[in-house]
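Protein chains: 2
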Amino acid sequence: MEKVRIGVVGLGGRGAYHAELLSTFDDVDVTAVCDLYNDRIENAADRVEKTSGKRPAGYTDYREMFEKEDMDGVLIASSWTTHSRIAVAAMKAGITPATEVGGAASIEECYSVVKTAEETGIEPMFLENCNFGREELALLNMTRMGLFGEIVHCQCGYEHCLRDEITRGNENRHYRFNNYAHRNGDIYPTHGLGPMSKILKINRGNRFVSIVSVASKQTGLNTHAKKHFDKDHPANNLIFTQGDVVNSIIKCAGGETILLTHDTSNFRPYSRAGRLQGTNGIWLEDKNAICLESENAGEVWKPFGEYMDKYDHPIWKKFSRIGLDKYGHGGMDFIVDAAFVDSIKNRNHPAIDVYDWASWIAVTVLSEQSVALGGAPQLFPDFTNGSWLDGTTPKGEGEFCLD
Amino acid sequence: MEKVRIGVVGLGGRGAYHAELLSTFDDVDVTAVCDLYNDRIENAADRVEKTSGKRPAGYTDYREMFEKEDMDGVLIASSWTTHSRIAVAAMKAGITPATEVGGAASIEECYSVVKTAEETGIEPMFLENCNFGREELALLNMTRMGLFGEIVHCQCGYEHCLRDEITRGNENRHYRFNNYAHRNGDIYPTHGLGPMSKILKINRGNRFVSIVSVASKQTGLNTHAKKHFDKDHPANNLIFTQGDVVNSIIKCAGGETILLTHDTSNFRPYSRAGRLQGTNGIWLEDKNAICLESENAGEVWKPFGEYMDKYDHPIWKKFSRIGLDKYGHGGMDFIVDAAFVDSIKNRNHPAIDVYDWASWIAVTVLSEQSVALGGAPQLFPDFTNGSWLDGTTPKGEGEFCLD
Numbered sequence: 001m002e003k004v005r006i007g008v009v010g011l012g013g014r015g016a017y018h019a020e021l022l023s024t025f026d027d028v029d030v031t032a033v034c035d036l037y038n039d040r041i042e043n044a045a046d047r048v049e050k051t052s053g054k055r056p057a058g059y060t061d062y063r064e065m066f067e068k069e070d071m072d073g074v075l076i077a078s079s080w081t082t083h084s085r086i087a088v089a090a091m092k093a094g095i096t097p098a099t100e101v102g103g104a105a106s107i108e109e110c111y112s113v114v115k116t117a118e119e120t121g122i123e124p125m126f127l128e129n130c131n132f133g134r135e136e137l138a139l140l141n142m143t144r145m146g147l148f149g150e151i152v153h154c155q156c157g158y159e160h161c162l163r164d165e166i167t168r169g170n171e172n173r174h175y176r177f178n179n180y181a182h183r184n185g186d187i188y189p190t191h192g193l194g195p196m197s198k199i200l201k202i203n204r205g206n207r208f209v210s211i212v213s214v215a216s217k218q219t220g221l222n223t224h225a226k227k228h229f230d231k232d233h234p235a236n237n238l239i240f241t242q243g244d245v246v247n248s249i250i251k252c253a254g255g256e257t258i259l260l261t262h263d264t265s266n267f268r269p270y271s272r273a274g275r276l277q278g279t280n281g282i283w284l285e286d287k288n289a290i291c292l293e294s295e296n297a298g299e300v301w302k303p304f305g306e307y308m309d310k311y312d313h314p315i316w317k318k319f320s321r322i323g324l325d326k327y328g329h330g331g332m333d334f335i336v337d338a339a340f341v342d343s344i345k346n347r348n349h350p351a352i353d354v355y356d357w358a359s360w361i362a363v364t365v366l367s368e369q370s371v372a373l374g375g376a377p378q379l380f381p382d383f384t385n386g387s388w389l390d391g392t393t394p395k396g397e398g399e400f401c402l403d
Numbered sequence: 001m002e003k004v005r006i007g008v009v010g011l012g013g014r015g016a017y018h019a020e021l022l023s024t025f026d027d028v029d030v031t032a033v034c035d036l037y038n039d040r041i042e043n044a045a046d047r048v049e050k051t052s053g054k055r056p057a058g059y060t061d062y063r064e065m066f067e068k069e070d071m072d073g074v075l076i077a078s079s080w081t082t083h084s085r086i087a088v089a090a091m092k093a094g095i096t097p098a099t100e101v102g103g104a105a106s107i108e109e110c111y112s113v114v115k116t117a118e119e120t121g122i123e124p125m126f127l128e129n130c131n132f133g134r135e136e137l138a139l140l141n142m143t144r145m146g147l148f149g150e151i152v153h154c155q156c157g158y159e160h161c162l163r164d165e166i167t168r169g170n171e172n173r174h175y176r177f178n179n180y181a182h183r184n185g186d187i188y189p190t191h192g193l194g195p196m197s198k199i200l201k202i203n204r205g206n207r208f209v210s211i212v213s214v215a216s217k218q219t220g221l222n223t224h225a226k227k228h229f230d231k232d233h234p235a236n237n238l239i240f241t242q243g244d245v246v247n248s249i250i251k252c253a254g255g256e257t258i259l260l261t262h263d264t265s266n267f268r269p270y271s272r273a274g275r276l277q278g279t280n281g282i283w284l285e286d287k288n289a290i291c292l293e294s295e296n297a298g299e300v301w302k303p304f305g306e307y308m309d310k311y312d313h314p315i316w317k318k319f320s321r322i323g324l325d326k327y328g329h330g331g332m333d334f335i336v337d338a339a340f341v342d343s344i345k346n347r348n349h350p351a352i353d354v355y356d357w358a359s360w361i362a363v364t365v366l367s368e369q370s371v372a373l374g375g376a377p378q379l380f381p382d383f384t385n386g387s388w389l390d391g392t393t394p395k396g397e398g399e400f401c402l403d
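Protein chains in written order, with the working numbering: chain P, 1 to 403; chain E, 1 to 403.
Please note that the accuracy of each hint is not assured.
Sample of chain P residues at the chain E side, in silico, Cβ under 8 Å [as the list claims (entries may be wrong)]:
# : residue
1 : Leu259
2 : Phe267
3 : Thr279
4 : Trp301
Capping the alpha-carbon separation at 25 Å, the derived lysine-lysine pairs in DSS-like fashion look like this [claimed, not checked]:
# : chain 1 : residue 1 : chain 2 : residue 2
5 : P       : Lys302    : E       : Lys302
6 : E       : Lys201    : P       : Lys217
7 : P       : Lys201    : E       : Lys201
The set of hints was computed from the structure by calculation and includes no laboratory data. From the three backbone atoms N, C-alpha and C, an ideal C-beta is built for every residue, glycine too.
Based on the sequences and whatever the hints tell you, model everything.
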């Protein structure tokens, strides 16, 4: 396979960016793009043509695209609730899907991707770019080297002041508005949880067992709308249901706990709220610091930067040579797309596979259920049917492997 | 009342320190001290005599002390599980108790102090020194000034590497060993929770409604003991039950959430894990930084020190003039003991009263229950029987008021 033919479904800001990025790859042809809106199709097609010289075909229906186009892979960057159904349709058409991140609306949705992958033999990928962040990769590397000792607790999350984007969602044809208007739970769990899951060997020697979620009141979105928009603005004509801060605690089979925070409705600096803690010490993202007993420096925080320089993951070392800064989100967007292309081109089992995908997005469903039940613990299905325990869950293959 | 006569029960490191500190007060006579161990009685009596010139009477039985001594107040710094029963005995003897911090073993225990206080008319105090820490006081002051906007979420906890003290507990006659050997929950919740409770007006316009708690595995204590002690050391002859990191989420009647962390069994720097978040911004203890929208500086952290200089609480301003640094824990030990003496001498309702006490220590019982039930939510009793809602819960009086 000299060139991998890829289509892109969902051409909002993120999807159009992916289409353009993929069209810069030597081994990729972006052959088709798809969205419900024609202006988005034209915009994405323009950007791909400008970069690669080849204009992709445009579709408003992904089913038609899968039927007519001879594609190897499809990248799905549509609204959260449509990822899985589009991925299932792709697999049934013999096309390898990768989806952008989000959370599931039902456990059945999670099973649909797992079962379709198992039945078709297609190996889809989940495009959690943060798994390829420099810090996250260095922490994975340091954990595997044993520098934290035995891991006991992790924290992570998505803390990002999005109140203006959310409340203006209808103006921007963005699905966030609707999700925040009607749901309540951790509706965007994987930026923090993906990297911690690989650190904890989830689905490969470990698994999520249970989750509790408790939501704070909602006030940030309506407070913002009231202050900035007219009385007849859509955001001023409903009470958003999504709690401002949703905290969840996941218990793992290995006894580790993961504290997960969703915090996007109030003014605050960005953070993924990371903490990694073992018998030998602790790392804190917000402090950008680490303290390890084996360093013999006492209970004193040290800047994490020095540790990254020393313990960069081989994946980061390799790709940082190409100058990752020019790519989105500090380079991790480039790596995650390259990993997807590699999985198709070289038939490598993807770095983040369908079992990771299903168990990570299941967090959203279970979190919503727990919030609705006042914090009652909810149990995770074992999407691997015991493979996590007997060692038979497939591992990532090739240079992008995170297992 | 010219001199307040105070006895001290429980003369380990903390109790002996309180006895000595109180004996330096111009308006206090430390008239009696009590412990199960004679060497501790002699040590505390020596320290009080050295400071004040007067040797207190010594007792091994607090009941005998309450019967024989004509005391106004008693400070209780015994083991966690004995605070309430000693306080109840004191109130029944007409003596005003104040207890050191800890957590309850049963809800009945919490009610026993509330009901005895209501029946006797005695107004006991809970000695949470962290409520008088400089940062905590400044945050209280800033919250009341509205600088955080509407509060939506708090975090707090007790993160302190105590594994050596815990595992050597039997050598040191310390009750921690036994608690960590047999319990599992947030067994020491109030250093973080006390200050956040005053910020959230708990028991006075707000209350704790429910809690979920999830404990990580235990490995820190046994790992430490195995590495440092002989095979026949007590810590190497049992498996400790207390999870290394216990996270709890409390939901308040006002819709706010409090994330509470107990983390004392592994190597790490000290922290009370503070976070205070409202519609106008956020403060983070571990970052020692704050970000407020109204400052018009964007989503950028600023050092918290400048804000403390600007917004120090009146209590801190007043007492910092006397040079608090020479006292324990940055001066807050002095202030909390002075508040207790003031409540007796000037008949002021105490800054931290029996309703605060009962609801704060109830966290331990409910946390243990939730952990035992896999994280199932547990409901808080309303120890005020509705007074929190109708505005009749008594407030602190005098210069130490935190309400």
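Against the structure, the hints come out as follows:
no. : hint                : verdict
1   : Leu259              : holds, 5 Å
2   : Phe267              : holds, 4 Å
3   : Thr279              : holds, 5 Å
4   : Trp301              : holds, 6 Å
5   : Lys302/P - Lys302/E : holds, 20 Å
6   : Lys201/E - Lys217/P : holds, 16 Å
7   : Lys201/P - Lys201/E : violated, 42 Å
Figure legend: structure checked against the earlier numbered hints; the only hint not met is number 7.
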